[in-house]
Structure formats: C-alpha cells, structure tokens
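J.: Sequence:
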Amino acid sequence: PHDKIEAIRMAGAIHDIGKISVPSEILCKPSMLTDLEFCLIKNHSEYSYEIMKDVESPWPLADIIRQHHERLNGSGYPQGLKDANILIESRVLAVADVVEAMMSYRPYRPALGIDIALSEIENNAGILYDPNVVSACLKLFREKGYQIT
Numbered sequence: 007p008h009d010k011i012e013a014i015r016m017a018g019a020i021h022d023i024g025k026i027s028v029p030s031e032i033l034c035k036p037s038m039l040t041d042l043e044f045c046l047i048k049n050h051s052e053y054s055y056e057i058m059k060d061v062e063s064p065w066p067l068a069d070i071i072r073q074h075h076e077r078l079n080g081s082g083y084p085q086g087l088k089d090a091n092i093l094i095e096s097r098v099l100a101v102a103d104v105v106e107a108m109m110s111y112r113p114y115r116p117a118l119g120i121d122i123a124l125s126e127i128e129n130n131a132g133i134l135y136d137p138n139v140v141s142a143c144l145k146l147f148r149e150k151g152y153q154i155t
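In terms of this note's numbering, the sequence shown opens at residue 7 and continues consecutively.
If you're looking for bench data, these hints aren't it; they were derived computationally from the structure. Among the hints, a few may not be true.
[Claimed, not checked] Computed cross-link-like contacts, PhoX-like style, restricted to lysine-lysine with a CA-CA straight-line distance of at most 20 Å: (1) Lys88 with Lys48; (2) Lys59 with Lys48; (3) Lys10 with Lys48; (4) Lys10 with Lys25; (5) Lys35 with Lys59; (6) Lys48 with Lys25; (7) Lys35 with Lys48.
Quick caveat, the model's predicted, so the values are computed rather than measured.
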C-alpha cells in the first residue's frame, strides 16, 4: 500500500541518523575496525531509535529504523529479531541498505558493484533477507533495468 511505501521512503532517508553519535574517525577508518569500534558502529541503529522515538509520525519510523540491520534468521542487530517479528518496512530497508552499501565506496574497500550486491541478497534470500523483498529487488534491477547512479 501507498502508506507503507511512504514510510519506507521516509525511513530510508533518515535510517542512519544515529551515525552522528559515532566518532568520524571510526566511520572513516581506512583499515579493519577493532571489536570495540565495530560495536560502536553497530549501536547506530539504537542511536537512531533514540533520536526518533519521540518524533510524531503516522508511521513507526523509530522502529523501522531500529530494525534495518535485523535478519530473518535472528543473526542481525540490535535486538536479534527473527522472521515476522521484523517489520516489513524494515525488511525492505534492509535489502535496499545492503545493495546500496555494497555498491558504494567505503574507506576500507572499493565499491563492489551491482552484480556482487545482487548475488549477496539472492544467495541469502530466506536466510537473512525476506525472499519476497529480494525477488522484487532482483526484478527491478535484472528485468526492469533499474540503476543506482
């Protein structure tokens, strides 16, 4: 429905707002992160939730944002949620976030490209990522010619 699409659009625009609480030296570090540094970065979902939890919205934006690193098998963070306990909006955002992250340059690695990103979500459909969301994403890129520029 249009309402869920608008919620995903809004959450997508602000989902990493909590990274403002992570020191830039860690976010921009060109080498491997220590366990402590990785833990600080992983906390950005909770920081985002804390920033957004009292913001009035017709959608559960704070929860959508908090859950965007959750995975179907419970291996995600910050809450270790599984399957239907993860909001559908968060499951969509998770796939979009992974594809965008893998396609983008990071200080510690070059951009990996769309083929590797799509293989990641395809190989982990039903394990880490919602299979219906993955199917829709693959269709957009492989059949509809969608591109991220």
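J.: Indicate, hint by hint, whether the structure satisfies it.
T.: Hints, verified against the model:
About 18 Å separates the Cα atoms of Lys88 and Lys48, which keeps this hinted pair within 20 Å; it holds. Restraint check for Lys59 and Lys48: satisfied, since their Cα atoms lie roughly 18 Å apart, inside the 20 Å limit. Proposed proximity of Lys10 and Lys48 is contradicted: the alpha carbons are some 26 Å apart, above 20 Å. With a CA separation close to 24 Å, the supplied pair Lys10 and Lys25 exceeds the 20 Å bound.
A distance of roughly 29 Å separates the Cα atoms of Lys35 and Lys59; the hinted pair therefore is violated under the 20 Å criterion. The suggested pairing of Lys48 with Lys25 holds, with an alpha-carbon distance near 9 Å, which does not exceed 20 Å. A hinted pair counts as satisfied when its Cα atoms are at most 20 Å apart, and Lys35 with Lys48 qualifies at roughly 15 Å.
In this structure, the earlier hints numbered 3, 4 and 5 are contradicted, and the remaining ones agree with it.
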